[in-house]
Amino acid sequence: MKQAKHKKKSDDSQRLKKAMRTAKDQPSPKLEKIKHLIPTMIESLNQIN
Amino acid sequence: MKDSYHVQYQKSSSHQFWFVSNGRKNIIKCVQLDLMHSNRNYFHLSLLDYDENSGLLRDNVVSNNGDTLKVLWTVLHCTQLFLKRFPDAKITFTGNSISRDRLFRRQINSILAAIAEHLQIQMQDSKDNCIIFNISRRK
Numbered sequence: 001m002k003q004a005k006h007k008k009k010s011d012d013s014q015r016l017k018k019a020m021r022t023a024k025d026q027p028s029p030k031l032e033k034i035k036h037l038i039p040t041m042i043e044s045l046n047q048i049n
Numbered sequence: 001m002k003d004s005y006h007v008q009y010q011k012s013s014s015h016q017f018w019f020v021s022n023g024r025k026n027i028i029k030c031v032q033l034d035l036m037h038s039n040r041n042y043f044h045l046s047l048l049d050y051d052e053n054s055g056l057l058r059d060n061v062v063s064n065n066g067d068t069l070k071v072l073w074t075v076l077h078c079t080q081l082f083l084k085r086f087p088d089a090k091i092t093f094t095g096n097s098i099s100r101d102r103l104f105r106r107q108i109n110s111i112l113a114a115i116a117e118h119l120q121i122q123m124q125d126s127k128d129n130c131i132i133f134n135i136s137r138r139k
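Residue numbers (the numbering used here), protein chains in the order written: chain A, 1 to 49; chain B, 1 to 139.
Just so you know, these hints were derived from the structure itself, not from any lab.
Chain A side only, calculated, beta carbon under 8 Å to chain B, not exhaustive:
| # | residue |
| --- | --- |
| 1 | Asp12 |
| 2 | Arg15 |
| 3 | Gln26 |
| 4 | Lys30 |
| 5 | Ile34 |
| 6 | Ile42 |
| 7 | Ser44 |
Below are the EDC-like pairs computed for lysine to aspartate or glutamate, each with C-alpha atoms no more than 16 Å apart in a straight line:
| # | chain 1 | residue 1 | chain 2 | residue 2 |
| --- | --- | --- | --- | --- |
| 8 | A | Lys24 | B | Asp49 |
| 9 | A | Lys33 | B | Asp128 |
| 10 | A | Lys24 | B | Asp51 |
| 11 | B | Lys139 | B | Asp88 |
| 12 | B | Lys25 | B | Glu52 |
| 13 | A | Lys17 | B | Asp49 |
| 14 | A | Lys24 | B | Glu52 |
| 15 | B | Lys11 | A | Asp25 |
| 16 | A | Lys33 | B | Asp34 |
| 17 | A | Lys35 | B | Asp34 |
| 18 | A | Lys18 | B | Asp51 |
| 19 | B | Lys25 | B | Asp67 |
| 20 | A | Lys35 | B | Asp59 |
| 21 | A | Lys17 | B | Asp51 |
| 22 | A | Lys35 | B | Asp128 |
| 23 | A | Lys33 | B | Asp59 |
| 24 | B | Lys84 | B | Glu117 |
| 25 | B | Lys25 | B | Asp51 |
| 26 | B | Lys139 | B | Glu117 |
| 27 | A | Lys24 | B | Asp34 |
| 28 | B | Lys25 | B | Asp49 |
| 29 | B | Lys70 | B | Asp3 |
| 30 | A | Lys17 | B | Glu52 |
| 31 | A | Lys18 | B | Glu52 |
| 32 | A | Lys18 | B | Asp49 |
| 33 | B | Lys11 | B | Asp34 |
| 34 | B | Lys25 | A | Asp11 |
| 35 | B | Lys25 | A | Asp12 |
Beyond 10 Å from chain B on every Cβ pair, some chain A residues (computed):
| # | residue |
| --- | --- |
| 36 | Gln3 |
| 37 | Ala4 |
| 38 | His6 |
| 39 | Lys7 |
Note that CB positions come from ideal geometry on N, CA and C, so glycine has one too.
Just need the whole structure built from these sequences, with the hints factored in.
Listed below in structure tokens is the structure:
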């Protein structure tokens with residue numbers, strides 16, 4: 001049981017490392033989608049003290 | 001921060017915090033912060049899922065992994081780590097739909113008291129039919 005848990009953790013860690021390498025410089029698809037909102041967001045941020 | 005996942009930071013063209021969401025499935029997630037305005041410390045936050053088949057980051061996945069609150073705590077933990085490093089930064093984000101925005105607002109309101117000591121969170125209804133969430137460091 002303990003060994004299986006350790007193996008799973010190690011697998012997750014390997015998957016995470018691979019993901020980080022692969023997607024290191026990918027632009028955010030979310031940011032691409034909300035480009036039209038950026039001026040509104042900046043205006044909203046300007047209001048923060 | 002309270003009940004959040006362990007995160008790993010990576011600096012690239014943006015700032016990325018990575019973690020594994022251990023719910024019904026083990027999903028790799030990334031909190032990405034992109035500079036929005038070159039003259040100001042304004043950053044856009046995206047919560048993204050990593051698609052292991054395509055190797056791409058995706059924003060449109062409803063993972064339904066049963067750990068929403070833990071993921072929210074993790075996102076807030078990332079913002080806190082980021083603001084510790086860049087105290088003057090201001091972070092903004094919005095959800096994928098108005099119903100998602102309302103869900104975020106309810107969830108954030110439910111934990112606001114626990115985070116108010118460190119973070120200042122503003123939620124603003126926009127004329128573009130969305131809610132804009134702004135996070136900054138409490139001074």
